[in-house]
Amino acid sequence: MSFSVTEPSKRQKWFAGIVVVCYTLITLMPLVWIITTGFKSSPDSIAYPPKVVFTPTVEGYVNLFTTQTRMSPGVITEPRDHLPWYEQIVRKKGNTIVGPSRFSERFFNSVIIGFGSTFFAIVLGTTAAYAFSRFRVPLKDDLLFFILSTRMMPPIAVAIPIFLMFRNLGLNDTHAGMILLYTTVNLSLAVWLINGFIDEIPIEYEEAALIDGYTRFQAFYKVVLPQAATGIASTAIFCLIFAWNEYAFAVLLTSGTAQTAPPFIPTIIGVAGQDWPAVAAGATLFLLPVMVFTIILRRHLLRGITFGAVRK
Amino acid sequence: MSAVLDRLQRFLPQLVLAPTTVAILVFVYGFIFWTGWISLTRSKLLPRYDLAGFQQYITLFQNDRWWVACKNLVIFGSLFIFFCTVIGLLLAILLDQRIRLEGAIRAVYLYPMALSFIVTGTAWKWMLNPSLGLERLVQQWGFENFTFDWLVNSEMAIYTIVIAGVWQSSGFVMALFLAGLRGIDDSIIHAAQVDGAGLPRIYRRIIIPSLRPVFFSAIILLSHVAIKSFDLVVALTSGGPGYSSDLPATFMYAFSFNRNRLGFGAASAMMMFFGVMAIIVPYLYSELRSKRHG
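From first to last, the protein sequence lines stand for chains A and B. Per the working numbering, residue 1 is the first one in the first sequence, and the count goes up by one each step. Per the working numbering, residue 1001 is the first one in the second sequence, and the count goes up by one each step.
Hints may contain errors.
[Unchecked claim] One side only, chain B facing chain A, incomplete, derived with CB under 8 Å: (1) Ala1052; (2) Arg1098; (3) Ile1099; (4) Ile1105; (5) Ser1116; (6) Met1252.
These are calculated hints, taken from the structure and not from any lab test. Built from N, CA and C at the ideal position, the CB exists for glycine as well.
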């Protein structure tokens, strides 16, 4: 599927390759810093010049998932062979684990809210997009324009009513509230993108299916949906990434039970000052799902943007 | 039974479109109206609904910090859109030269956009910090006089946000352009080559013009990103030093929710809204019109 618009010469290829690789390195730099720092010990993480070669440790990850407290020197002399490995790591610094941290809770909140809101946005968005594409909707172009225009609105501009509504309806710090919010924010994008994908599918296929005795729903389910699948999948990724990363509303509307990971990660602090490896470990775990999704769906992502599998 | 189904079929479009359209209507336009109403009251910590005229707007226009935020948005927005588009187009053209590992590189370029800047911002903060990152590294290489203190310099802080913003979005713009390049009909290009047109001419006359729709969507998406930029500022400078790198979004947030001046915050939110409308609506409308008649 990949071909360039013109046949490149060898020299062009080299030049292109070098520039592309340089930019790749720049792009990756912050991520490399995060991932390596997550495996450094506390002193290594702030050592100068930055240590490229270091002894990897999971200390940061242990700190991320646990709450610790300093121990009195008397306890440290106890034999520690029978202790689990994570306790041993913590004891080396003179601390002891007193319980789990909030990180896994916050991470799980992100999963529920991210996937929940994506699901609703895609279901509602796909049906609406299909209706726009295939039925005679009065003022269709104006409605689509109106839906697209809402996407341009910075969501933060309506933060005050949302804040007041959440307070009045008791939605503050609830999963349902955040799912509702992210669904509606994503909906306009979902309708707009999926409408584009469905428009690209020749209507003749469905007409043939309808003549063959399919109902409208079967035609949608068996003919349109499979062909729009890559487009819908890439739209879902866009929605999921938005909900996963959203920060402004998360920090405004959640504080405890429904708090997602983004407002939580920067607040991770250790027993003694900012614990860079723990922050970096949390960041790595948080970034990982999106990185995996981007890799798995990269072909679909591009094909999605190039508008569908079937061309007229 | 079939009569019911027939009926259902007839009302299907309305049934399907209603929830979505209503949700968007209420959540966006209804809430903008609500914000507008609050901006005309003396609401502080609690909302009030008795109208009090344009007092909040007058106070807003006399507020220095607001004008700093607006100026920053113009600086940030124009540089951000310009560099993202140029770098994105360039990378797309280069990546289109049948480069090995193209798929992996494409995924890498999409990372910054896909990842939360609140999280990746921790790395940027470290790199841009004069006593930790780039400045110290270059000084250690022997360039003792090298300074790079933009992050803590109130004149330059906004430009660090431009740098991080361009890092974040140019790969995404590249993906858009690459898709556009791949969508161009080969036969036109071959025809031009047969006619003896050189490569620069092909790019200028055929390829770039046929990427027009991509420029359109790239600029929409980028202005959208620029105006709603909040994470970038919060993660890097929190609007500082002082309020020198504030953007309207952080200004609005600070006054509405940290200083509990809902009416004043609502006035700034409405100004953001009018700003978006003034820039994007005429542009969008002309594009959609030309599509409809073209």
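Task: Violated hints, by number in ascending order, as checked against the structure - done: Hint 1 contradicted; others consistent.
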